[in-house]
Amino acid sequence: METQAATSPETVPSKTEKHPSGDSRFRILEVFAKRHGCRQDALIEILHKAQELFGFLDEGLLLFIARTLKLPPSRVFGVATFYHHFTLTPQGEHTCVVCMGTACYVKGADRLLATVEKASGIKAGETTSDAKLSLLTARCIGACGIAPAVVYDGEVTPRQTPQAVTERIKAWLNHGSH
Amino acid sequence: MDRLKIATAWMGGCSGCHMSFLDLDEWLFDLAAAVDVVYSPVIDVKVYPRGVDVCLIEGAVANEDNLELLLQIRERTRILVAFGDCAVTGNVTAMRNPLGNADPVLNRAYLRPEDLHPRLPAEPGILPALLPRVLPIQEAVPVDYYIPGCPPPAARIRAILQQLVAGQVPTQTGADLTYG
Amino acid sequence: MDHIDLLETKNRELRTRKPLCLRVCMAAGCMSSNGQAVKDSLEKEIRAAGLADQVEVRRVGCLRLCCEGPLVASDPKGELYQKVTPDDAHAVVAALKNGNGELKRGDLQHPFFSRQMSIVLENSGVVDPERIESYIAADGYQALHHALMEMEPKDVVDTVFRSGLRGRGGAGYPTGLKWSTVAKTSGDRKFVVCNADEGDPGAFMDRSVLESDPQRVLEGMAIAAYAVGATQGYIYVRAEYPLAIARLNTAIRQAKQLGLLGGGIFESGFTFNVEIRIGAGAFVCGEETALLASVEGRRGTPRPRPPFPAESGLWGMPTLINNVETFANVPPILRRGAEWFAGIGTQQSKGTKVFALAGKIQRTGLIEVPMGMPLRTIVEEIGGGAPEGNQIKAVQTGGPSGGCIPANELDTPVDYESLVRLGSIMGSGGMIVMDQSTDMVDVARFFMGFCMDESCGKCIPCRAGTVQMHALLEKILKGQATLRDLQRLEELCDMVKNTSLCGLGQTAPNPVLSTLRFFREEYLHRLRSLPISPGIPILPNGSHHGPPVAEAAKT
Amino acid sequence: MAAKTLTIDGRLISAAEDQTVLQAAKDAGIQIPTLCHLEGLSDIGACRLCVVEVAGSNKLLPACVTRIAEGMQVRTDTERLRHYRRMVLELLFAERNHVCAVCVANGHCELQALALALGMDHVRFEYRFPKYSVDITHHSFGIDHNRCILCTRCVRVCWYIEGAGTKNVAGRGAECRIITDLNQSWGTSETCTSCGKCVQACPTGALFKRGSAVAEMERDRTRLEFIVNAREKKQWIV
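Note that the protein sequences, when read in sequence, are chains A, B, C and D. So the first sequence is numbered by my numbering: it starts at 19 and just counts up by one. So the second sequence is numbered by my numbering: it starts at 12 and just counts up by one. So the third sequence is numbered by my numbering: it starts at 65 and just counts up by one. So the fourth sequence is numbered by my numbering: it starts at 3 and just counts up by one.
Derived by calculation from the structure, the hints in this document are not laboratory data. Computed from a predicted structure; not experimentally measured. Don't be surprised by glycine CBs; every beta carbon is placed ideally from N, CA and C. The hints are all genuine.
No farther apart than 25 Å at their CA atoms in a straight line, the calculated lysine-lysine pairs in the DSS-like style are these:
{"id": "1", "chain 1": "D", "residue 1": "K199", "chain 2": "D", "residue 2": "K236"}
{"id": "2", "chain 1": "A", "residue 1": "K67", "chain 2": "A", "residue 2": "K52"}
{"id": "3", "chain 1": "A", "residue 1": "K141", "chain 2": "C", "residue 2": "K542"}
{"id": "4", "chain 1": "A", "residue 1": "K150", "chain 2": "A", "residue 2": "K67"}
{"id": "5", "chain 1": "A", "residue 1": "K136", "chain 2": "C", "residue 2": "K542"}
{"id": "6", "chain 1": "A", "residue 1": "K67", "chain 2": "C", "residue 2": "K320"}
{"id": "7", "chain 1": "C", "residue 1": "K561", "chain 2": "D", "residue 2": "K61"}
{"id": "8", "chain 1": "D", "residue 1": "K235", "chain 2": "D", "residue 2": "K6"}
{"id": "9", "chain 1": "A", "residue 1": "K150", "chain 2": "A", "residue 2": "K136"}
{"id": "10", "chain 1": "A", "residue 1": "K141", "chain 2": "D", "residue 2": "K133"}
{"id": "11", "chain 1": "D", "residue 1": "K6", "chain 2": "D", "residue 2": "K28"}
{"id": "12", "chain 1": "A", "residue 1": "K88", "chain 2": "D", "residue 2": "K199"}
{"id": "13", "chain 1": "C", "residue 1": "K168", "chain 2": "C", "residue 2": "K108"}
{"id": "14", "chain 1": "A", "residue 1": "K67", "chain 2": "A", "residue 2": "K88"}
{"id": "15", "chain 1": "D", "residue 1": "K199", "chain 2": "D", "residue 2": "K211"}
{"id": "16", "chain 1": "C", "residue 1": "K108", "chain 2": "C", "residue 2": "K141"}
{"id": "17", "chain 1": "A", "residue 1": "K52", "chain 2": "C", "residue 2": "K320"}
Stretch-level coverage of chain C by chain A, calculated; a stretch enters the list once three of its residues show a Cβ under 8 Å from a Cβ in chain A:
{"id": "18", "stretch": "82-95"}
{"id": "19", "stretch": "260-268"}
{"id": "20", "stretch": "349-361"}
{"id": "21", "stretch": "487-501"}
When you get a sec, could you build the whole thing from the sequences and use the hints?
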């Protein structure tokens, strides 16, 4: 996943035939917006697409979206920060999402989270300084039947134990990408 | 009937509330005629006595001494009155709380680069340590009545005291209740 | 497509079916337990055995018993294999021909299966959720055809009204009444919105329905649209449910291709389009006015009602909002009649309810039972009670808006009114079982933390009140609270419940209130005496009065 | 416009049918406390101070967005309502750092005035003491988030009266805060017209004219009224 959105507000022109940064992802995003008729009510869909393309939503990207949809920047920022799915900071190479839904919680999700926090040295919502791992929590991923569940890089994994998560996290932190 | 024993105490505050109290001028003579002032920064008593009827506390709980005294006051006092905004809300005294603990203010006050020998004061037993967080007094002990104001105007203090002296439950309405 | 085409599609599907079938659960639970590899392995094994023309390996939705996944069902033998691994493929295929390999066979006579009743889930685990023909073969879209061709919109509304169907999203508002309000309100355009923002922690009913039988939801929405006069529909689904989103997209595409969505459905004048809107992680968007704001691309904050969405919803137009399970009930009601549906359940609560059974219980999974079934039957017979011989202590229903029902109330029938009487709610159907090891104050704190994080921040009681209630619960858990704190907590519960703007705030105190009602002693034994007792002031940072010294001052 | 009769606090009142309970009460000289409501702005029913009891409804209804109805029986000042309103204020005072004594709006603050009117002699909840910043990068105005109660008057006045859309709410729940454009310092805003309506609309000391010292920030709401009248009624009443 790309995690660098090298843009700044100054580099975004009001008309965007081609983004001056030369980053083709802006073009893809613009085409996507046009498919929605650049409708202002499609803001959330476009934020989803932008995050999918860039990994996170930085200022330049939000401003680009505001201009594409002709919305005030304050609206775009307000919406992007309302929904927890959107992130305004770069994510690590790997993500570990500990489900904190009720079923997972009563089956010890809090202990799993504590284990990951200890193994990685970061708190939920943070990314390790080497950008290897982002640790997140989810309010419920709807996998209650197989609780407690943890999502490693998008893959839902059932019935996790502190040992299992430690192994997984240690492997990522020690060996990097593979 | 026994004469009412009244006390006032000064914690983490600017003494403005006491100044306002002194603004009661000649009415203070009437008060002195009706009650005994048994403890106050304006009289020379070192130990808070037992069996106090009413105590007005100015200031927030900012250091260990404040806390110790407050607990003693609560134990030895029938009616405890939070006297002024610092006592009621923390007010200016508590403005350091958002900084997390006492370190930032101590460092800012004592460890200035322009000082020749910057050092934090540390005199155990003499200088009370600051609490990590300043408390309005009701966060530390139960309080019976509150007189907001920074400072509370003299007339308001008088109204409350008059009711207490008369053995009434003090009522404060409307203009008796202004912060700031 | 006309009716003949529909029947032809159905017959072709049934005609071309192979005599043997292995149904492989491919809902999110089993998928996460390696379900895809099991399916691949089975297909490979069948090809290798030269049985490809006799055996169909069918991807199906939820087979219910999530805790034993991956699950594979074998037809026509009627066997269910549990915890199937890719290596079991040989044994599964051998079993087709009466081989008796080493397989963990599920007991289909177990109450987990025998006490269930399927309406909403009738196709779950049966049809292939990614092939519309499979749905049509199970009489799919017959109800829509029936409605469009043989009924006036008002008759459709009337049928739903007479069925006694009530909203499955939580509050139980009569569905027919809602439809009739939207139908009667005039507007240039009208909308039908499916609320699939299943946000309750501990609930996965809607996810399973969408993953297992998405066409049924589309058909229900189309029938509703016809009944109320809408032409555009939206499905608001959580981003956390990628598989459900993918299957819905497939379902919409296929329905459009066959002319079952879009312009001139069944060659009538009725047009209905459906778009998916993906939520972005905000529980409050389950509240209908917040959901509408979100569909419009805004911050998902609720607004006061009235006006209700039925009168003024999306872009100010009359809008019908029902949840997934409600829409999923509609096709069978139209197909089999209002009287049939009204004959199931209790006087006030008709039909069935899907529950997601989870927590400290032997058998976790998805269940559908008639309304009015005692809670005890659900947790003890169907769920098999708590594992390892533990005692069930409470059952939590209704998620963060609900309450904890104590074990001694397990004989309560599950219907809307009975649960409310116990201080809980039906909710969308999450049912979390708790045993002796569960700390009820901690549970209350857990839900309050949830509500605090999910509060939109618009109204003060919810935004600031949940923060204060959470702080008080933490204080109680740490053993630093006094009776005075408990009184304040109760006062806050009352205030937040009565003054909050929307359902989130109004119900946020429920988990506290219900645990206080049934497990008060767990709160009381954590309290300490009033702070007036010498030497122990209340310190907000948690530490007792010991030396609360600013340590740095000494260094 | 047809008139309807209703009872507010035992008084029989006649009001226009499109009026809200709040308007009808005000016309009859009955004051219902409000914070997010501001004359001329659309109401959002967020602060919950104006909730009233209506006979036949088991829910409390916000007077600012509840239309009157024939025969409606409203109570605006019961013991229960006073209790809840006081708690709303306590929650607000505990939420951020409202230090009246050193506030620019001391003596001219709606929050402070309400505390007085509703008898909030102290706050029973723990003060949160969050850390918030002050933005004085704009040449004329400043915003002190410590004093903000998130009533969104500034946001609404900026969107619906001025039309600039400079201000908005970002974040969620207790993390909500008022932002300028893309969460940038006010002074760098490209959309702000420096009209100052937000400063005039603010009920507390959160938005102020730069250079105001303690107790100096008085507001002139007639400017807003003038513009709203001009916009909506085409009446220029100077």
